[in-house]
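Student: Chain residues, written in single-letter form:
Protein chains: 2
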Amino acid sequence: MMNMSVDNLMLKKIIATVVICVIAFSPDILSLQTVNAQAPAAYPLTDKQKDTVNQLIDDAMVGRQAYEILESLTTQIGPRLAGSEAEARARDWGVEKLKSLGFKNVRIEPFELPYWERVVEEASIVTPFSQKLEITALGNSVATPSKGIEAEIVRFETLSDLIEAPLDGFEDKIIFVDEVMTRTQDGSGYGWAVAKRSGAANEAGRRNALAAIIRSVGTDRDRRSPHTGNMRYEDGVKRVPIGALSNPDADQLTRALRYARELKTAPVKLRLRIEVTTKEKTSSGNVIGEIPGKTDEVIVVGGHLDSWDLGTGAIDDGAGVAITTAAAHLVGQLRGKPQRTIRVVMWGSEEVGLLGASAYAKAHQDELDKHILAFESDFGAGKIWQLQTRFGAKALGKAATMARMLRRIGVGPGANNARGGPDVQALRSAGVPVLTAQQNGWDYFDLHHTPEDTLDKVDPADLAQNVATYAALIYMASEMDGDFRE
Amino acid sequence: MMNMSVDNLMLKKIIATVVICVIAFSPDILSLQTVNAQAPAAYPLTDKQKDTVNQLIDDAMVGRQAYEILESLTTQIGPRLAGSEAEARARDWGVEKLKSLGFKNVRIEPFELPYWERVVEEASIVTPFSQKLEITALGNSVATPSKGIEAEIVRFETLSDLIEAPLDGFEDKIIFVDEVMTRTQDGSGYGWAVAKRSGAANEAGRRNALAAIIRSVGTDRDRRSPHTGNMRYEDGVKRVPIGALSNPDADQLTRALRYARELKTAPVKLRLRIEVTTKEKTSSGNVIGEIPGKTDEVIVVGGHLDSWDLGTGAIDDGAGVAITTAAAHLVGQLRGKPQRTIRVVMWGSEEVGLLGASAYAKAHQDELDKHILAFESDFGAGKIWQLQTRFGAKALGKAATMARMLRRIGVGPGANNARGGPDVQALRSAGVPVLTAQQNGWDYFDLHHTPEDTLDKVDPADLAQNVATYAALIYMASEMDGDFRE
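Top to bottom, those sequences are chains A and B.
If you read the first sequence in the numbering used here, its first letter stands for residue 1292, the second for the next number, and so on.
If you read the second sequence in the numbering used here, its first letter stands for residue 1292, the second for the next number, and so on.
The hints are simulated quantities; they were obtained by calculation from the structure and are not laboratory data.
There's no promise every hint is true.
Which copy is meant is left open, so a pair is good if it fits within one copy or across any two.
Stated by the list, open to error - Below, in silico cross-link-like pairs of lysine-lysine (DSS-like), each with a Cα-Cα straight-line distance of 30 Å or less:
(1) Lys-1555 with Lys-1423
(2) Lys-1748 with Lys-1674
(3) Lys-1555 with Lys-1339
(4) Lys-1560 with Lys-1748
(5) Lys-1341 with Lys-1555
(6) Lys-1341 with Lys-1560
(7) Lys-1572 with Lys-1748
(8) Lys-1438 with Lys-1653
(9) Lys-1395 with Lys-1555
Just so we're clear, the structure is a prediction, and the values are computed from it rather than from any experiment.
Extracted from the complex, chain A is given alone in its bound form (with noise of 0.2 Å):
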């Protein structure tokens, strides 16, 4: 007869053994991070908090509340530029949406920003060959002379390579930088991808040449829908004109100098044209709604409310903003308060510099060691995949809980070095413990701030996958004694 219960020298010396077989007899694929034998023991939920988790994943599993709320801010309201008119009726439908769930002390906290708008966008390769290409201008690139300008086109494979080149001899230029990025199930391709978007202006500008366009930052290969993104010109150096191309348009345009290179032709010239609007001084706001909790202690979830303008900013970033709606409302529906207050924030302005984020972190910096704990869905409609946290030491058993209960859904353990969501950056600089409930972003980057980032692109049993992972979380963090920082 074996004793009653596992002793602990017991216990690690079978994990011990798991992880050896593991290593032994698997591909040479582990991530061994998530085969721990160091984990702290996991934080006890009661029977009766496991029931609500799970019931709040059943019940989310089959809403559709937040497809209802994505499906109404894209219809209703559609593109919602930061600082546009159309981001501010997105305020007001916010305000609308929260009261009309039940949300208290609904509110509109405003900040200004300066204001930048596309007007017109258009090139052309017109020698040796004719072909009008998709192009979109970056927001925040200043304009073309207004009848455009025609020009030598001189590309480069990698940003790298255009760093590397000579600094005179582009005078008269377009400079191209065609990289490619890389698709990823976590984004990190952007990373790489995005130095481009102010790299390009900032190194044509640095060789005083006429304009820089890029293939767009995006993983789609087949569809004409460029990718615009912010871009900041560097202090000092001469600001030109940058657009994106389509990345079949930036085939093409490959495609048309190999040529034009073997056929010895004239040089290939392309036309270009970018017509902006600008003004100095233009409003927007957070939109903010609470389930008031038993104490003064914060949880903040949310997303971001402004969009590009291209499409109607389904999965940048209605989706965040109807996901950690749905789910809050979730919680709020259960009997009795929370132990602390869930706030839900649909950031202004993020995508312009992550301005919604500063104008919360001032406003509310006298509170900021009441904000337990904090996060953003910003990256589409995918299925989580991965909780990750950052968490101090102590609080590490609660994000082995969280992730174990979410196991069921699909959602696998992560490092604890999460970033939290980019309106949270702020919060996480000041100490704010973050987590990111990470989405599958394989996808993403086919869509991200272009004309398709549309309704249609959303799978509602993903998105409801979202809703009930959102909601056991926010449900967890509020009940969980003890604080995350330690």
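Got chain A; can you put chain B on it based on the hints?
Tutor: Chain B in isolation, oriented as in the chain A frame:
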């Protein structure tokens, strides 16, 4: 007029600015390792070497040779269980294939191993409902009594739950570990999920249970194809038979348990029958062919020749054999000898414990210091998206150049902690530098170790991109001055 060249300080400023822009205006999912201002200077390939790399890539991208090799192996040999007569036929096939492609020093390096083979595997729910279930025995499982067993099922949501359970009360039970696996691009969900393959049997044995069954270690949801795979019994623990249900059958069993609980029926009983054949000794071997170089330095590439018996071993690992053979052949077609010998190894008996890898490391222990680099393709046939290396610090410029040359076919830079593939583990442990051309494993664990691992799952275009990547890497590794160790 500006300076002719970018000086170091300016370059650092540029990169710093790019990094700041990236951080400020991007979704919060950056892998900062890929935007590294401290990156080493890229290794300078000559223009002729660059042209050769690009030509190899262009040729491989339109080539069909890997597909033809894979078609031949999976059709003329089919499944090739470690130590079986079929694996012996596969070795003869390998020798013929390498000779016909002009490889030199073609040979088999034999070794011995114990043998295990499935004979019967059957499971059914018998009360309170009646349902035949799709099950497969795990490699190395003992048999049930020949008439099978019939017993009550006790389900655990995760292996952790089973480990935490008491040690008694399971004497007349079958233990069912239902833990789900998370789908990931890099296969990291496997590390967690596979622990139950040995763990469920050992925990069941420790509790004196009659048998164990698990939900298949796989990410598919709607195919009744169970996933096999090797397991190992712990010394001193009762050996109980263990099988894996297909994911739909695990769902079915879980639902049956729920209805039984809700309707208060008789307990759910399972009938389980597993028969196996074992032999103490059989033979296997590694098949080796070379493209002799100008020096006695060696680059080892390959895939493993054995497969599980349920499918035809197309993605695991016929693809790896085909990719590396075709790529080495392409490099061998270049004018003149390579600097280093390119050694293709078709590894034997990987699935049952990396036995070919051990045999090779032992047989070649005296020339391991001449092994310049080793890598294996053993993660299916998906597109390669990242180059990971494990090079010495001084060789990181070589990694940077390799990654940059592969950028145009979608391969991004990765970290310097590569594992290199299961069959080069022993070489890596002995200090041989390795790299991993990381494939997209999104769908890999839908098929892995199931009857569905067949040729139709392989996309010829993705396979060609693999060959292009391997050919470029083999060529660059052969021609770059200095080694990868320091």
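Student: Hints first: check each against the structure and report whether it holds.
Tutor: Hint-by-hint comparison with the structure:
Within a single copy, Lys-1555 and Lys-1423 get their C-alpha atoms as close as 22 Å, which meets the 30 Å cut-off; across copies the closest is 70 Å, which misses it. In this assembly of identical chains, the alpha carbons of Lys-1748 and Lys-1674 lie at most 30 Å apart whether taken from the same copy (13 Å) or from different copies (24 Å). Taking the closest pair of Cα atoms, Lys-1555 and Lys-1339 come within 30 Å of each other only across two copies (22 Å); inside a single copy the shortest separation is 77 Å, beyond that limit. Proximity of Lys-1560 and Lys-1748 under a CA criterion of 30 Å is satisfied in neither setting, with 36 Å inside one chain copy and 44 Å between copies.
Taking the shortest alpha-carbon separations for Lys-1341 and Lys-1555, only the inter-copy value of 22 Å comes in at or below 30 Å, while the best intra-copy value is 72 Å. In this assembly of identical chains, Lys-1341 and Lys-1560 lie within 30 Å of each other by CA distance solely across copies; the values are 27 Å between and 65 Å within a copy. Within a single copy, Lys-1572 and Lys-1748 get their C-alpha atoms no closer than 34 Å, and across copies no closer than 56 Å, so neither meets the 30 Å cut-off. In this homomeric assembly, Lys-1438 and Lys-1653 never come within 30 Å of each other (Cα to Cα): the closest approach is 44 Å inside a single copy and 73 Å across copies.
Within a single copy, Lys-1395 and Lys-1555 get their C-alpha atoms no closer than 70 Å, and across copies no closer than 44 Å, so neither meets the 30 Å cut-off.
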